[in-house]
Amino acid sequence: MIKQISSLNELGIGIVYFRGFQDLLEKNLGSIQAIEIEPQTLWYEDGSDQGYRIDVTQNEILNSYPLPKVFHGVGSPIGGSVLPSDNTLATLKAHIKALNPLWLSEHLSFNSFPDGDCLTNTNFLLPQVQNEQGIETAVKAIRHYRECINLPFAFETGVNYLKPLKHEIPDGRFVAEIAEKADCNILLDLHNVMTNQVNGRQTVSAFISQLPLHRIMEIHLASGFFFRDYYLDAHSGISNDNLIGLAEGIVRKLPNLKLIVFEMLPEFLPSLSDGDFEKQIIAMRRIWDMRGRNFRVQKKRKNTIHSSGLGNHIPVKDWEYTLGKLCLGQPLLGNDLVRELGDDKGIKIINELIFHFRASAVVSSLKLTTRLLRFSLGEENFNELLKEFFNNSKPDLFPFRVALDFSDFLGSKNPDVPFLEDLVSFEVATIKTISDDRVREVKFSYNPFPVFRSLNNNELPEEQTDPVKFIITIKPDESIEESV
Amino acid sequence: MDELLKSQLSTREIQVSIPASVAYDLKKFQKITETVLGRLGCPACCSGFDIRFIVENRFRFNDKLELLEGGILR
Chain A
1 MIKQISSLNE LGIGIVYFRG FQDLLEKNLG SIQAIEIEPQ TLWYEDGSDQ GYRIDVTQNE
61 ILNSYPLPKV FHGVGSPIGG SVLPSDNTLA TLKAHIKALN PLWLSEHLSF NSFPDGDCLT
121 NTNFLLPQVQ NEQGIETAVK AIRHYRECIN LPFAFETGVN YLKPLKHEIP DGRFVAEIAE
181 KADCNILLDL HNVMTNQVNG RQTVSAFISQ LPLHRIMEIH LASGFFFRDY YLDAHSGISN
241 DNLIGLAEGI VRKLPNLKLI VFEMLPEFLP SLSDGDFEKQ IIAMRRIWDM RGRNFRVQKK
301 RKNTIHSSGL GNHIPVKDWE YTLGKLCLGQ PLLGNDLVRE LGDDKGIKII NELIFHFRAS
361 AVVSSLKLTT RLLRFSLGEE NFNELLKEFF NNSKPDLFPF RVALDFSDFL GSKNPDVPFL
421 EDLVSFEVAT IKTISDDRVR EVKFSYNPFP VFRSLNNNEL PEEQTDPVKF IITIKPDESI
481 EESV
Chain B
1 MDELLKSQLS TREIQVSIPA SVAYDLKKFQ KITETVLGRL GCPACCSGFD IRFIVENRFR
61 FNDKLELLEG GILR
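Listed in order, the protein sequences are those of chains A and B. The letter at position 25 of the first sequence is residue 25 when you use the working numbering, and the numbering goes up by one with no holes. The letter at position 29 of the second sequence is residue 29 when you use the working numbering, and the numbering goes up by one with no holes.
Pulled out of the complex, with its shape left as it was, chain A reads as follows (with noise of 0.2 Å):
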């Protein structure tokens, strides 16, 4: 029997975790009363397509801390027509049962739809058609989550770049009929809110009005900056002052409140000072105790959905391969939707985020390939090289296929670049171990680690003049104490 909101423990404030997070937290312990966890970030393909792999190691980690812990996924939102698939669902319940989360949340977004005869995924959190076959759909995936996961459910009101479509259903609205169809708690990304009302979409208090206050159980704090005339959700370092000013007035009308959660992204870590984050929690805890204060019950609404025009009419599926295509900046047959969407300088901006989720899976993959194309090609080259590859195969959500495409791609393309051939091996070698367990030998025809060193220090390794042979043999890691 799955938990009712009213019955789920009030937790206080926490944080979303992360590798590399253990340092923060450990300083933090007593000042936070939750750890949210991301459960697909600690997931690695196993490169068998029968599933994914848990990393084991931080779930030790994980649970060597004395605090509560939630899910939030962030690989099969509910936003969309493609349920999470089986291999999915059977990880994330060994997840579930490895930490014990006491709930999970997702995204009411779309990241994947179906591409001819398979799926196409996206690499981003896209916003889902807001008409009724929209709500439909979200209501769809939402009970298929419940019926899986014995776990109280919480979908997260998203971001959306684009600007609002001819009568579709406002934001608020949108999220508040899917809650009540479904019967489902809302987990209110605040930074979220924000970041549309500051692009030209619904205000934060328009948003609110229209929300049921007492189904909110969550809430996220973060922070953003501006790209290109739009404001970002970036997750990039402390929640400003405007943020948590509405974050305080918010809260005083949510009865069912259990956690409200600071999103920081880990490569931003090196620009937060001790005193940055004290200032965070101290002003979450502020929030935190005002929760409830003015809670007044709402009165019921009354269905006032009407259909009329384009927005209410979009198939979800035309809908969801449209814009996909768009924001992958693949070719497609003009229409209406295609035409209006087109014209939306939002689907630009989502264009160039994909561009740098896809490269940042690419060069954070193979970081010494990447780094010897680019020092050997030039930046303007390699981005040209990134630009061929990824207009030549499909983003994935794990970085693992993204490597072993691109090594492909490399052995097809062939650049004359001194190194490069061990190098790929190596490297993808060395994925496929950790994915696997079984060991691998690599041939060098060069001394490889002058090549390492140098890449190490951003450097083009010199040349090497003198023949030798090596063999790198690579270990799983359990066999770590019998390293170098």
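Facing chain B, a subset of chain A residues (Cβ under 7 Å, in silico):
no.	residue
1	Q40
2	G75
3	V159
4	G224
5	H235
6	L265
7	E267
8	H356
9	F357
10	A359
11	S360
12	V363
13	S364
14	F398
If you want the ones that stay clear, here's a sample from chain A, every Cβ over 10 Å from chain B, calculated:
no.	residue
15	S64
16	L67
17	R146
18	S407
FYI, nobody ran anything at the bench for these hints, they're computed from the structure. In this text, a Cβ means the ideal position worked out from N, Cα and C, and glycines have one as well.
Once you have looked at the hints, place chain B on chain A.
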């Protein structure tokens, strides 16, 4: 180079054995400090910028990781 030494080098084969995570993380060649599986996990919840590509390219962020180009503000 001496021809004899040259011929010895061309037939020399050096074998090194290392765990995958060490091989995959350059820092671990010098000091085993951090896990690498993060690079292979699903990206985090964020509708903003994945800055790892830019950080890798180094020159567009200042030392506080504030983006300097393109009208970026904090």
